[in-house]
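Enquirer: Here is what each chain is made of, one letter per residue.
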Amino acid sequence: MKLIVEPTPHIRSSNTTDKIMGRVLIALVPALVMSVYIFGMRALYLSIVCMGSCIIFESLFRRFIRKDKEIDPSPAVTGLLLAFCLPVTLPYYMAIIGCFIAIVVVKQLFGGLGQNFANPAIVARIVLMLSFTSEMTYWVKPNVGSAADAVSSATPNAVDGLTAATPLMLEAGEQVPGMWELFMGYHGGSLGETSEFALLLGFAFLVLTRVIRVVTPIAFISTVAVGALITGADVGLHLLSGGLVLGAVFMATDYSTTPVSLTGKFIFGVGCGIITLIIRFFSDMPEGISYAILIMNILTFYIDKFTFPKPFGAVREGRNDDEK
Amino acid sequence: MSKKVKILTKGIIKENPVFFTLLGMCPTLALSSSAQNAVGLGIATLIVLICSNVIISLLKKLIPAQVRLPCYITIIAGFTTFITLLLKAFLPDLYNALGIFLSLIACNCIIFARVEVFASKNGVLDSALDGLGMGLGFTLALFIMGTIREILGAGTWFGLQLPQLTEPMTIFIMPAGGFFALGFVIAAVNKFMKKRPHNISCDNCPHKAMCRRGEDD
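As they're listed, the protein sequences go chains A and B.
Residues 1 to 324 in this note's numbering are what the first sequence lists, from first letter to last.
Residues 1001 to 1217 in this note's numbering are what the second sequence lists, from first letter to last.
Hints are computed from structural coordinates only; laboratory data are not their basis.
Treat each hint with caution, since some may be false.
[Said to hold, decoys possible] If you want a taste of the chain A side facing chain B, the calculated C-beta under 10 Å gives, among others:
1. 101
2. 109
3. 126
4. 127
5. 128
6. 129
7. 130
8. 132
9. 133
10. 134
[Said to hold, decoys possible] Derived Cβ-Cβ restraints for the label pairs, each shown as a range:
11. 1159(B) / 134(A): 15 to 25 Å
12. 1091(B) / 17(A): 56 to 66 Å
13. 1157(B) / 305(A): 40 to 50 Å
14. 93(A) / 1190(B): 25 to 35 Å
C-beta atoms are modelled at their ideal positions from N, C-alpha and C, and glycine is treated no differently.
Between the sequences and the hints, there should be enough to build the whole structure, so can you do that?
Expert: Encoded structure:
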């Protein structure tokens, strides 16, 4: 009998990077469809520009550093996620700058797929937000729903990308969209974040295909809900406006930038929720979700260290052992 | 002669205080948001560096080893005050723009490093050349950083409006953009020099005594 000695892991799975990324892409399709329905064809063009330039930057950079040119769908996922947190009117070249930052600076410079410590789409969004603030906070009227008919709201500058909750940005006298419209996404905002309905469809698909665990999104969203409830704010608005669901489902569940263990994922979600609440209530920034996820991305290393599971039968080493 | 030239030029590129020894990060990051301020601070530092190097090289026999650091800092702070007052009198705009960082030249670690590792062990002319080279290297680094950040972040260069192809990326004149720009410039310089930062000689390193690499050489 031939014995094969090989390093762990020994458990095989049919999951590959291609498969997982493909499933994430499929899960993002409903939100893309809704964004085209709400904002028109430019939403589709912007998404295609982002996905295409992310793929091009990835292959160019890998050629530049003479690494194998394995192309998997992950840059397309990054590009689409980035497009989802941009406003529909953003000039294409700014989106391309964002793709460069996401793929080259945040992902490839730190070692490529699985090595980046921060979510590329989120950092790219923050850089664009700080660089082109006026373009990044220009919100158009949606094509559908009551806001389209409203005469008064020339600039429903209400909702920010992965960002401010509507109620915090609404001018006095502007009408708050109804819950159903918020849920379906018929209000101003970034491309993919407005329609919680479509995002939750994607969430269900990802959970059913076992791509993500439910812990992080649930912990994240319920922390925000509980916080809003305690402070007496409008819970529905806090959950359904801004980029909470997009961030919680697609960005706080990224494999390489979030904790591994279930406890870690839970801490990550709660932490994101608390930071979001703090930013929404106490800061004058029209930002919340993206900074929350970025800060927790940075803390992921420590969360992982803290929640490292104890091997069966292992005895915890005393502190003095380190000094020997 | 070639030795003197070498002392002068090594600070400019080969052992550039910003790009290779990563000294003086604080003024580099804080003041490189515009090319004008960057060059202004670079030249002020250059003058203080040359003067302190010369004086300390002259006094190196007189200064007792035990109290050398207080003596050095007194001399450096004296020249810094001199530069500060000159700028306040003749270039008040630059004085206001540089703000606290002008006084902080007194505790700039580039000057300390050069005084400690070079001027206190070498002759007057060599020390002056070393100060000139390191000061020029610092000014050059600040100039490069300031140029990149000002052109990308504000669309201007030395306050002149440049033809705008795109919106300026405001992040480059923010602190975060400073770190981005510094990282990329260092990467580019290393690539260009075909050299890794840890290959520089240990002779001038302030940590030589403590560092294990110093013992190997």
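Enquirer: Run every hint past the structure and note whether it holds.
Expert: Tested hints:
no. : hint                         : verdict
1   : 101                          : holds (9 Å)
2   : 109                          : holds (9 Å)
3   : 126                          : holds (9 Å)
4   : 127                          : holds (6 Å)
5   : 128                          : holds (9 Å)
6   : 129                          : holds (9 Å)
7   : 130                          : holds (4 Å)
8   : 132                          : holds (6 Å)
9   : 133                          : holds (7 Å)
10  : 134                          : holds (9 Å)
11  : 1159(B) / 134(A): 15 to 25 Å : holds (23 Å)
12  : 1091(B) / 17(A): 56 to 66 Å  : holds (59 Å)
13  : 1157(B) / 305(A): 40 to 50 Å : holds (46 Å)
14  : 93(A) / 1190(B): 25 to 35 Å  : holds (29 Å)
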